[in-house]
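Number of protein chains: 2
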Amino acid sequence: MNKVALIARRYLPILEWAPQYKPQTLINDLVVALIVTIMLIPQSLAYAQLAGLPAEVGLYASMAPLLFYAIFGTSRSLSVGPVAVTSLMTLAAIAPIAAQGSPEYIGAAAALALLTGLILFVLGLLKLGFLSNFMSFPVMSGLGTAVGIQIAAGQLTPLLGIPAEGGTFLAQATSLVKNAEQINSYTAIIGISVVVFLFLVRTYLAGLLIKIGISKSLSGILAKLGPVIAIIITIVLVSGFNLNSQGVKIVGSVPKGLPSLALPPFDLALWNQLLTPALLIAIVGYVASISVAQTLASKKRQHVDPNQELIALATCNIGASISGGFPVAGGFSRSIVNFEAGAETPAAGAFTALGIALVAIFLTPLLYFLPSAALGATIFVAVLSMVNFKAIKITYAYSPSDGIAMATTIVLTLGLGVIVGLIAGIGISLAMYLYRTSKPHVAILGLMPGTNFFKNIERNDVLTSTKIISMRIDESIYFPNARFLETRINEMVAAQPQAQHFVLNCSAINAIDASGLESLKSINQRLKDGGITFHLSEVKGPILDGLKKTIFLNQLTGKIYLTHYDAVVDIAPSFKKE
Amino acid sequence: MNKVALIARRYLPILEWAPQYKPQTLINDLVVALIVTIMLIPQSLAYAQLAGLPAEVGLYASMAPLLFYAIFGTSRSLSVGPVAVTSLMTLAAIAPIAAQGSPEYIGAAAALALLTGLILFVLGLLKLGFLSNFMSFPVMSGLGTAVGIQIAAGQLTPLLGIPAEGGTFLAQATSLVKNAEQINSYTAIIGISVVVFLFLVRTYLAGLLIKIGISKSLSGILAKLGPVIAIIITIVLVSGFNLNSQGVKIVGSVPKGLPSLALPPFDLALWNQLLTPALLIAIVGYVASISVAQTLASKKRQHVDPNQELIALATCNIGASISGGFPVAGGFSRSIVNFEAGAETPAAGAFTALGIALVAIFLTPLLYFLPSAALGATIFVAVLSMVNFKAIKITYAYSPSDGIAMATTIVLTLGLGVIVGLIAGIGISLAMYLYRTSKPHVAILGLMPGTNFFKNIERNDVLTSTKIISMRIDESIYFPNARFLETRINEMVAAQPQAQHFVLNCSAINAIDASGLESLKSINQRLKDGGITFHLSEVKGPILDGLKKTIFLNQLTGKIYLTHYDAVVDIAPSFKKE
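Sequence order for the protein chains is A and B. Quick note: the first sequence uses our numbering, first residue 1, plus one each step. Quick note: the second sequence uses our numbering, first residue 1, plus one each step.
Here chain A stands alone, though its shape is the one from the complex (with noise of 0.2 Å):
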């Protein structure tokens, strides 16, 4: 029983803050859900429209995977939901697929959602988090970089009313340059209004409103308000004046309601086309999430637990794919807004969720005349806080290769898609480090005068023998190193050409893989081909159990000494110290 309610904590968080839960904290949290929820109707409905979805499926995705975070998470301030990042992927994955909009391409969308929930589940139950490390800082960087610039030139489309099409930034630029004319200028006058009207609302209404006396946070949330308050003025303007029949898009009729409950379509053909974006939605929206809970727990100091985490974003997409919606993460503003507004548990999600039911229920014929001008507003000035140019700069005057992967995931992002600029980035990163790693630094070695220690002989003045070949690595033997470490000692041979030993320090050598094991047998075994006879010193404790189970120890030529003065002196007693 014991054991159970062990297991029941670890993956069910909710039970370590729900029985403490007071009426006080339930105000507060009522509160908050009131303000978040106010904030997440144009979010929602804005990233269901960039992801080529209709309005209601923003809305759906935004209940159930609040609801269930509150169950399985481990921060008491992450909000999920859709963010940007994800639903470009989704548009991206989905769009070669089915005609946007269409019933095939919504429960495409849910399938993408439910295969990105499993494959969390299976990374959390496998305790597979480290898969993130995948995504290095370059990759993540250049990602949000291109993945903003990207989003904000496909949101012209809606904001100026040009007609654009392609699945890359590159096509779709070019794309809209060509459909320029077409522009609709009560389109573009509702865009760029609300555009600069957001710019500034984010820029100074926090100050204003802080100059006139109201609280630094309560000012902060406020200045959040923009995006509803743009929505709620062109929905006004849109219906007084009929500017729809001017050409100006509208959201349209919005089915009111909750989703009705069922499985995506299981269809193994789409599910195999789905299963690289769903693997790199899984891998982008966890380390996205998990970096803005980090951030958030940290603050308060509290603890965020990264496998458990795996499991309740896991448990969050299958909880949007059921409910009719499409992928979702941790997003970073909707977090900010939680932890601003004072979120003390993860019920505020939970109270959140039951806002936007209300809203799905009894408000969406108020969103009939919003006009999708104003949505790609909010996106584009949402997004474009993403992109960071000057990191590349900064980067590359850190560490050149990583300012080089880091440019590589943009241009390739730009030019190719998120899934192409993803994957190479990765790849790059892997190079790169593999790269670093296969040359590990080495030293010969040498005896310093009238000690029992050996230096480098580069740097000091030491003792040394024609007869002997004293080295030392400095880094554990793994396959990323193991043939690099195999070419060195070749050379080290052939331009010694009197060397009857070779003595190997192991003393930095953490550790030996089946790789690293294998080129220690090569090595053995050209050696002794050359005249040469292989000894080890220094070689730690777990290493030398590892041997002992192989029969390397009884090919060895030579001899296994405690230290490496121990193997000089044994081999030339006229090294010995006075």
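Just so you know, the hints here were simulated from the structure itself, not pulled from any lab data. This structure is a prediction, so every number in the text was calculated from the model and none was measured. Note that CB positions come from ideal geometry on N, CA and C, so glycine has one too. You may find that some hints are simply not true.
Said to hold, decoys possible - Pairs of lysine-lysine, DSS-like flavour, derived with a Cα cap of 27 Å:
hint, chain 1, residue 1, chain 2, residue 2
1, A, 528, B, 300
2, A, 549, A, 521
3, B, 393, A, 548
4, B, 393, A, 439
To be verified - Quick look at which bits of chain B chain A covers, simulated, 3 or more residues with Cβ under 8 Å:
hint, segment
5, 290 to 299
6, 354 to 360
7, 393 to 400
8, 432 to 440
9, 486 to 498
10, 543 to 551
Said to hold, decoys possible - Which residues of chain B face chain A? A few of them, derived with a C-beta cut under 10 Å, are:
hint, residue
11, 133
12, 137
13, 476
14, 512
Once you've looked at the hints, dock chain B against the given chain A.
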């Protein structure tokens, strides 16, 4: 002029040995060439058959590569030509594209060789030989076993005269069993007899010859003549009894003369399809070549240059391509023959090319009655030595994750083909490596009483303070472990609520990449948010120089101390040693 000479010497190793070439060496090399030529004939024909190509293509692929390697190669013994793995990979790459033996098929094989050569050339110019490290020992060994099984099973078709189809081992094996009734008894008798003969020759002949007084090295060479003898006998038998009219498949008429030089078809769609196979053939071929070259070189304390070997292998493949051949690599058995026959310079290889050319010009009519069964038997016996199941057990015992990588490579290669198996094996090796590196050893430190040393609190009775967290990470901070470090520090801080200072001991950190730097920035910011000052101690010089170029040191809330003791005493003077 001097610089040109240096570059020429670097890229044209022939300039090293050719000027000192002596008449005596010439005679020796000619004898070696004669022996090797005889042995290469069945090999060349057999591997062409394995790759699904006409017999003459095997001869063509054995000329230009030998010539080019003599000019560009750095090994004195490596013999480059068709080998088992790359022949099978050629088959796997082209079989889905064109009908075996058709002009399109032959053209695609040449295009594949060109692409392989170009990829190797680029890798060589950019000194990207380290990419071959991706092929860890478990992957290469698993590949050898799987390829050995698959080729052996595939040769049952010519060997027994049973028709079979399918690109993977699984498909082929199923097809073989289904068609077992169609066995041709004459073919099967020839095939099985040759297999038995070759096994006996290989196992006993050398010993027998040594017993009757023939020198050990000559016996070794003669024992390798088994395939040649088998071919002569079976040709005589088939032509004498006219067995080809009984359904015994023969090589038939092989065009006389040298190949005409031509570029392979330039067809972007085709090249695109061949790119991944070409990359894998390039890397697999290179890894196989370099390890044979290094093994043989070390026996005579010669030096092999890994980057120049890329260039050399590139020219060999380009040479094979323009002379109507298919992808080539340095072969183990052919190089051993070369070495044991006593090749003193790469000129022996060039003379061998001449020998094969003479065969192509004058002797191809003799090959008319050569039964495919004899060639199949030759391959069958040769590749079975690549199969090594014991390696899985041994590797698993030493390193379970490496054992799993090996087993996966074998299973997936047999089930889904060489390309999928290789990619999966590489992926698993990388993931497991990343997993190991992503969790470096981390120690919380305390002061050894009465000293100024800090040791792991888990292993030593040390002094600590609730105000200070002291930590050491035993690894460079790279993207694979950067996020782990963030999480660990979050955990430590959550577990020690009274902490006001965090001191990171950097004595074991050799490098910090851009991801590591970002993590340090996050850690600093999060600690600051939680009211904790972040200090560094014992930072190595080059690391500090790098950090000085960034804004991290301005953001750092604490100080950088020369020693960990200095840091702790500065923060809590009560720790001071009396």
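Query raised in the report: Which of the numbered hints are not met once you compare them with the structure shown?
Result: Numbers 4 and 6 - these are the hints that the structure violates, sorted from lowest upward.
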